[in-house]
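So the sequence lines, in the order shown, correspond to chains H, D, L, A and F.
Residues 23 to 395, numbered by the numbering used here, are exactly what the first sequence covers, in order.
Residues 23 to 395, numbered by the numbering used here, are exactly what the second sequence covers, in order.
Residues 135 to 368, numbered by the numbering used here, are exactly what the third sequence covers, in order.
Residues 135 to 368, numbered by the numbering used here, are exactly what the fourth sequence covers, in order.
Residues 133 to 364, numbered by the numbering used here, are exactly what the fifth sequence covers, in order.
Calculated from the structure, these hints are not laboratory results.
Among these hints, one or two may not hold up.
Anything over 12 Å on all C-beta distances counts as not near chain D; from chain A, calculated [unchecked claim]: (1) Q153; (2) L163; (3) G180; (4) L259; (5) Q261; (6) A263; (7) G267; (8) P270; (9) W272; (10) G313; (11) L325; (12) D332; (13) Q363; (14) L364.
Label-pair restraints from in silico Cβ distances [what the hints assert, rightly or not]: (15) G84/H to D137/D: 53 to 63 Å; (16) T131/D to I145/A: 48 to 58 Å; (17) L279/A to G344/L: 50 to 60 Å.
Even for Gly, the Cβ is constructed at its ideal location relative to N, Cα and C.
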Amino acid sequence: MSDGPVLNIDLEHQQGAFRLAVSLRLQGGLTAFYGRSGSGKTSLINLIAGLERPDVGTISLGEQVLYDSARRINIAPEKRQIGYVFQDGRLFPHLDVAANLTYARRFITTELSPDRFAQIVELLGISALLGRRPATLSGGEKQRVAIGRALLSEPQLLLMDEPLASLDAARKAEILPFIENLRDQLKTPILYVSHAMEEVVRLADSLVLIDDGRIIAHGSVEQTLSRLDLRPLTGRYEAGAVLQVEVCAHDHAYQLSTLRFAGQQLVVPAVDLPIGSGLRVRIRARDVSLSTSKPVNTSVLNVFAATVMEIAPDEGPHCEVLLNIGAPLIARITRKSAAELGLAIGKKVYASVKAAAIDRHNLGLRGSPVNHS
Amino acid sequence: MSDGPVLNIDLEHQQGAFRLAVSLRLQGGLTAFYGRSGSGKTSLINLIAGLERPDVGTISLGEQVLYDSARRINIAPEKRQIGYVFQDGRLFPHLDVAANLTYARRFITTELSPDRFAQIVELLGISALLGRRPATLSGGEKQRVAIGRALLSEPQLLLMDEPLASLDAARKAEILPFIENLRDQLKTPILYVSHAMEEVVRLADSLVLIDDGRIIAHGSVEQTLSRLDLRPLTGRYEAGAVLQVEVCAHDHAYQLSTLRFAGQQLVVPAVDLPIGSGLRVRIRARDVSLSTSKPVNTSVLNVFAATVMEIAPDEGPHCEVLLNIGAPLIARITRKSAAELGLAIGKKVYASVKAAAIDRHNLGLRGSPVNHS
Amino acid sequence: MQVFSLTAYEIEAIQLSLQVAGLALLGCLPLGLVAAWVLARCDFFGKSLLNGIVHLPLVVPPVVIGYLLLVSFGKQGLLGHWLWESFGISLAFNWKGAAVAAAVMAFPLMVRSIRLSLEAVDGGLEQAARTLGASPAWVFVTVTLPLILPGILTGTILAFARSLGEFGATITFVANIPGETQTLPLALFSLTQAPDGDAGAARLVVISVGIALAALIASEALARRINRQLGNHV
Amino acid sequence: MQVFSLTAYEIEAIQLSLQVAGLALLGCLPLGLVAAWVLARCDFFGKSLLNGIVHLPLVVPPVVIGYLLLVSFGKQGLLGHWLWESFGISLAFNWKGAAVAAAVMAFPLMVRSIRLSLEAVDGGLEQAARTLGASPAWVFVTVTLPLILPGILTGTILAFARSLGEFGATITFVANIPGETQTLPLALFSLTQAPDGDAGAARLVVISVGIALAALIASEALARRINRQLGNHV
Amino acid sequence: AAERTYLYAASSLTGAMTALAAELETTSGHQLIAVFGASSTLARQILQGAPAHIFISAHPLWMDKIADKDLLEPGSRRLIANNRLVVAASRADAAALDLANTKALLQRLGNGRLAMADPNHVPAGIYGKQALQTLGLWGMLQDRLAIASNVRIALSYIERGETPLGIVYASDLVGRPQVTAVALFPDQSHAPISYPMAVLRGRSNAATKAFQQLLQSDKGRAILTRFGFQPL
Ligand SMILES: Nc1ncnc2c1ncn2[C@@H]1O[C@H](COP(=O)(O)OP(=O)(O)OP(=O)(O)O)[C@@H](O)[C@H]1O
Ligand SMILES: Nc1ncnc2c1ncn2[C@@H]1O[C@H](COP(=O)(O)OP(=O)(O)OP(=O)(O)O)[C@@H](O)[C@H]1O
Ligand SMILES: [Mg+2]
Ligand SMILES: [Mg+2]
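Excised from the complex, chain H in its bound form:
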């Protein structure tokens, strides 16, 4: 995306024995921060929010310099207009839920439309809690109120530190579209810390991998998740390829949609988008199977003719096969199968992808390519 302000970060910060050294340029959309526990994710967004001061460096958002150690600029957190959903909730214990939610309102000149309040409360399923104090809320309820509070502050940039970690799948599934909406409709750039690759894939435009205080990789979700060298960080289980597709037909009877990419078609469960919409689909390597003859009489709706581009063996029972089906696709099969099928670079094979294996979790509702400048 070219819309939205550019967030420029270039800083170093020492806390205890831990050193954070980051140089990043992020623009618009939702950027996921992914990295193992203790890698520095929370520290980094604390610096962006202005809650900690970097030792040296600069942070700027659009035209505005938020921090510059050389020029001694350090904009106060409340002037940064940055919303923050904290990892540990931080609800105000002396205020009831309603007052927590509307806390930021007194500092905002625009009116809060009752609709918007009702919408957020409804979405987060906290309408029954409005009169309660945080001390009596369950873990997940607290986190939902914290999300609502940050959303209602109408931030220019939203930081979310594992906002959904303590929520059940059903609740997550309800809130995710809302965050997508925030990202797309309100154009609020979001930095999103998460341990769940599903969430990352679904929501993120770009992905920042952090390890031990350093940026290991930064790029579009597609690129980053396709890089084999990053597997140790992104997780083998989650390997897959991401396709940029366009909705080209809907089958209302069977509730399926046909997506087009590079001259190929992919059938997936119905997508509630107009024809022509861009979309991102992640096809997990483990959901792709290969055969050397065209499968027949099968329940698998998507079969692609493919060429083997690369075979990445690993020490385990699996290998990953990079395929060209007009676009890159990754398949994960056992080494035994690879041997039995006689796979080799350049070989023509058929790749089967179950429509049932692609569900909302793997559909990102945004298709336009991410602009990494």
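With chain H's structure known, arrange chains D, L, A and F with the ligands on it following the hints.
Showing chains D, L, A and F with the ligands alone in chain H's frame:
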């Protein structure tokens, strides 16, 4: 399992507008509590730990009555020997990590072997943190220390409230086997609250579904996840069948293992267990594809001849097909495929299951049937 | 003199005491908040000195404090002179002076209690408020202040009790003038010193304790409510 | 008499003051803890009364407290008689009596500070300790106590300062006996009564403030460490 | 050392008694520990068993209280000195005052107050009230008083110019250059201001005897005189 003490719960408890009414009998192994945010999971385990007093009812563990409102028995929490990993950590802020970990030791007569301490610290990846105070730890680091603290208290029963929610996949993958080990080797019964069905499947012997303070279902993981009426609670995405299998061969070259069940064989990534060991395998419905002719030249290693037993349509694009392959298996395919393949009850089909789709996440290291008395 | 009805002498002393303690609190509270804040949150050269000055009224006998007040706020005193010239306020031998004496004596108790609460406030909540757009002043009003209410309450009740009981500094600074500066403790002291004042003194002790008890019970009820709101132990 | 060296008279008063304040603290601290605990955590009939009694020394002029002490702990007093008969302890007109007077006057400050901290302790941590096998007593020692250290410290410093400055109750209860009960404030008082005592009195004020300041600085350093350990603001 | 000997004396005697105790030690080697306080307080403490050997009160009333309880060594009670009551003013305003001239007095007072010790219980106050009553000034002045808890504080009011005038003992003016007496109350306007001294029952010892002797000696009388008293 018939080993381990029986936990008998029969109680009612009101807090604010929320009413908890539970009657449960749990024996040994790991019991998962699954339910949406605010359904009463934390409240229930607080009652078991003795941190809250039920309004009426009884709680007993083995021979010991922990609570009986009629007989006015209420064993103090510290006498219950129940370890508790809290949802919100609750590390002692005035003690460093090492002292937090060994806090319970002064109340235990048996010696702590340095090995065990080192093992737990190593496993949780907190050896570098031992001298630090909780205030300087990251979210995930705190949670790991909290787990270690509870483990080192050598409880008779372990309560874990979303212990892994704030951990990354890699760290989770390291800790899960340890919890399995605890369950199997030390025979510590565990009540485990989780929102992640993966964890539940992997770890749990039995599953308790809670909704709005009431037990909706309770039974073996296999049974409970196979019940179609519970789908709204357990989640469609996670549907699948669980097979009781036995290790029958290892293929060291390809790092695969062959598992046997009901006269059939299943090839999966190598399982580090001796031949003859019992094991539980979950095959997710979304990983099973069907065809009417036998697939050939395919990377799929497991193809079973199957009979269609039941077809459960749903409002969406999918339907679930209950198959008999000697044992029940569930496939999830699009309704379109079902129509094209002409599926009907009694029809013979071939079910394909990728070996690559079965990984550690779907392998429960315990095979013996759960005893639900 | 009946046992259960107050004499005019007693009523006068009670009124005056409440008036003095009230004004003392009014002065103590805002200044105490500022001092507690500065001592809890700021680091500067001379902080120890400030801390020492705040505690001075505890360490030095009240009579000395009274004397020092006399020296500085008396007609010839620098501050007294300035107050008189600038505002026409005289503290000498009137109840306002008594209130100043009470306030000075109660001040360290107020400051310490508030400071204790301030230091226990979770900085994370204040940070959260700032990310929501609150300036430091607003954070103080909307987050910090409510969270330190228990400390303010404790400080207030200690200060009130101390003001009510203040004797040495008051009698030294503004003398023991019936109807003007003769608060309960001064009246009580006079009675205990008189050869036949024991019965009257006992009555005044009961009255003092009664007033303090009433204030305490009210403050307990308030504290209970505050603590319930904060989700603390009740 | 040189300006910068202490006279024997001063040294004696300083020693005695420290001794008295020390003993007072020793008595105040455990009793204060118990009282704070009971007031913060228990609910019982007569709690308000107990609360009132604890605050009594603040509300009633020190002289009256001293008189009450004299009546009850004097040789003729009930408690004094019992102490003497049972333990051979006499508080009358010796430094132990001065310590009792100081302790009584400092007690409410100690109790209130500790109580304030106690009420702010996160009950969740105490629960966690119990699930780890700690009995309520152990929980108190290993969790609650460390967490309320700031409150104990504040209470101690207030009590110490108050003890150091205690005058009215002491002079009334145990008299102003040089080398025996003549603490700094009493020595100071004596000097103000003597025709040429002003310079000496001023010296004693400076000494009192100096001691208090030293204690404050030490307590601040300690508080800083404790707060750092608890992860609070520093 | 042997038994300590305690001298309980009214605060107004602080200077004189300290000097006398020092004198006793140099001449006879006996050590006296002087304990000062308000006469009322000291008397109460003695009634409660305080270890006093000698008590010197600023007013016979408190000595009587102890005598009533039969706690005095028979025959030991005697008056040691007299004091005078004066109206004092700041040195800057040292013009003599005629107590008979009510108008002048009021004029001198202006809208200020008259400092004095508590007329209800402090001896200086009790004598002062008596004197004012005798002179017919009490009714006029009783609302214009600044009542201090002891004479010293009354004196400091005058010293600091808080009150233009005050009633203090003549002895209080010793060593106080900033204040001066502007009027002397006639002796007959109040009961004689005399300091009774007595040895407490059973407490008579060498030191008390030496002290009694010292007080009657020229040396002792000189010291009392030096501190503004009139030895008897
Ligand atoms: N003290 C209380 N007063 C009133 N209601 C309470 C109190 N404590 C908990 N509740 C309510 O009881 C319900 C159950 O809370 P509980 O903490 O057990 O939920 P949970 O299942 O653990 O949820 P989560 O997954 O979000 O942690 C919630 O709706 C909560 O709001
Ligand atoms: N005040 C501090 N002093 C010393 N080390 C600190 C301090 N605060 C954080 N750290 C360390 O800095 C590292 C990064 O912490 P951070 O909270 O940013 O991690 P994180 O990536 O958010 O981890 P998690 O996913 O567990 O929340 C951790 O190793 C942590 O122990
Ligand atoms: Mg973090
Ligand atoms: Mg919970």
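Review point. Far enough from chain D: is every CB of that chain over 12 Å from the CB of G180/A?
Key: 26 Å, holds
Check your understanding: Would you say L325/A is clear of chain D, with no C-beta pair closer than or equal to 12 Å?
Key -> 46 Å, holds
Practice item. Determine whether the Cβ-Cβ distance between T131/D and I145/A falls within the hinted range of 48 to 58 Å. Key: For I145/A against T131/D, whose Cβ atoms are near 54 Å apart, the range 48 to 58 Å holds.
Exercise for review: Please settle this one: Q363/A was flagged as non-interface, so is its CB more than 12 Å from every CB on chain D?
Suggested key: At roughly 5 Å from the nearest Cβ of chain D, Q363/A sits no farther out than 12 Å, so the non-interface label is violated.
Exercise for review: Beyond 12 Å from every chain D Cβ: check whether that's true for P270/A.
Suggested key: 8 Å, violated
Review point. Cβ-Cβ distance between L279/A and G344/L: within 50 to 60 Å?
Key: This hint is violated: roughly 35 Å between Cβ atoms.
Point to revise | chain D versus W272/A - minimum CB to CB distance exceeding 12 Å, so not interface | key: 7 Å, violated
Check your understanding: Could one say that the CB atoms of G84/H and D137/D fall in the range 53 to 63 Å?
Key -> 56 Å, holds
Check your understanding: Q153/A clear of chain D by more than 12 Å, beta carbon to beta carbon?
Key -> 32 Å, holds
**Study point:** Assertion that L259/A lies farther than 12 Å from chain D (Cβ)
**Key:** Given a closest Cβ separation of 6 Å, the condition is violated.
**Study point:** Q261/A remote from chain D - nearest C-beta pair above 12 Å
**Key:** 5 Å, violated
Practice item. Check the non-interface label on L163/A: least C-beta distance to chain D beyond 12 Å or not. Key: 19 Å, holds
Hints 4, 5, 6, 7, 8, 9, 13, 14, 17 from the list above are not met by this structure, while the remaining hints are.
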